[in-house]
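Place chain B on chain A using the hints.
Number of protein chains: 2
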Amino acid sequence: MSTPSPSARPALLFDLDGTLVDSVYQHVLSWREALESEGIELAVWRIHRRIGMSGGLFLKALERELGHDLGSGAAERLGAAHAKGVLARMNQIRPLPGAKELLATLTSMGVKWAIATSGAEKTARPTLSMLSIPPDTPVITRDQVAYAKPNPDLFLAASERLGVLPGDCFVVGDSIWDMLAARRAGAMGIGLLSGGYGKEELQETGPYRVYDDPADLLAHLDELGIRDAR
Amino acid sequence: MSTPSPSARPALLFDLDGTLVDSVYQHVLSWREALESEGIELAVWRIHRRIGMSGGLFLKALERELGHDLGSGAAERLGAAHAKGVLARMNQIRPLPGAKELLATLTSMGVKWAIATSGAEKTARPTLSMLSIPPDTPVITRDQVAYAKPNPDLFLAASERLGVLPGDCFVVGDSIWDMLAARRAGAMGIGLLSGGYGKEELQETGPYRVYDDPADLLAHLDELGIRDAR
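Protein chains in written order, with numbering that gives the first Met the number 0: chain A, 0 to 229; chain B, 0 to 229.
To be clear, the hints were calculated from the coordinates, so they are not data collected in a lab.
Take the hints with a grain of salt, since some may be wrong.
Stated by the list, open to error - Here are the computed distance ranges between Cβ atoms for each label pair:
#1 B/Asp221 x A/Gln202: 30 to 38 Å
#2 B/Glu64 x A/Glu100: 13 to 21 Å
#3 A/Glu100 x B/Gly38: 15 to 23 Å
Unchecked claim - In silico negatives: residues of chain B with every beta carbon more than 10 Å from chain A:
#4 Thr106
#5 Ser131
#6 Leu164
#7 Leu179
#8 Lys198
Keep in mind the model is a prediction, meaning the values are calculated, not measured.
Don't be surprised by glycine CBs; every beta carbon is placed ideally from N, CA and C.
Bound-form chain A, shown alone (with noise of 0.2 Å):
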């Protein structure tokens, strides 16, 4: 556990998909298509609400509702599959509002901030390049971290990056999964809707505040108590 410090400078700890980037949607989809590929038949709604949790955990979850296991190989068949389809559309992927100026606006305050992704190198980096930030942004995807979320190994990796104390930061996500890796992580979690789910499903896993997206977050980076000291 860490030992928040009296500082007027908190970091800011960014999950991806939902969060900066408007592609919950097609992430939902592409694991639609994926599962259909071996034979899973799983509405859409019940994806949606797995999105942003490690894949690991996902298809145990899978694998209890079927009531049998997967079988060997079908994890890492599925993972490709799923990755194969959100390429195919990311054409259709655009940053959230407000995402680029809120990350430019931090960056010009002088606040730490750092991307903490449970999703894979190969996805994540094409929305990356959609944010316009800089070369050596820190980020943490999936591959770096031995347990994606719920687990808090993504954002104390992305902490630890930034040389500031977990206590220290807050943890921005749209998924229940980003709430509970926050508080697992002692960080303070900070909500969006953006990403689909509803503000009380958000709010029920104990967040510090939820707004609407980058854009509302950014109107009110001083309910964070975050202070331009220039």
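Only chain B this time, still in chain A's reference frame:
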């Protein structure tokens, strides 16, 4: 206002997209594509929350958010582009779990039911054909009434077609627009989570019950007071 009668045989009025057919996310992405073709950038989650309401009201809300009128012909072009997008995605659309079984069970129990959708005939027909329903099933589409949801017109027309008072009907839908239209029709709303709304969002509109999907509703028909009188 209809006066409920002491009836052991309530009727069911079903919404289509997100209620019987797993098509909401395809509708959402088709709207995004259509809006962008008119130069309008709107985040996907905001479109999701408008799905199922009247297209005219959707555009009016959009004009309010954009701060200007869309201009003449835009509504027709948007409608056509959206329909084209849905038809192009039709091969990804599936019946929701339990939908066919639920409708077949109601028919075999002698319970009256109908379908009432804010969708246009053009996009509704191909999805209806996935449900294996009798050709004489009463179906009310957008084209047949003056105002779509959340106005009560669609459900009032459906109950009239069945010869059942609205107060003796359950309206089954996945969106808050269904639940609002149900209340205005004087019918009881049954919410389904299969369209991707959060449970609490649906519950706030005052439905009688909320279930996961058609399969879950089928397993709990007794809770609606629907008895097999064969």
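Here's how the hints hold up against the structure:
no., hint, result
1, B/Asp221 x A/Gln202: 30 to 38 Å, "33 Å, holds"
2, B/Glu64 x A/Glu100: 13 to 21 Å, "18 Å, holds"
3, A/Glu100 x B/Gly38: 15 to 23 Å, "20 Å, holds"
4, Thr106, "23 Å, holds"
5, Ser131, "16 Å, holds"
6, Leu164, "32 Å, holds"
7, Leu179, "16 Å, holds"
8, Lys198, "7 Å, violated"
In summary, the structure is inconsistent with hint 8 from the numbered list given earlier, while agreeing with all the others.
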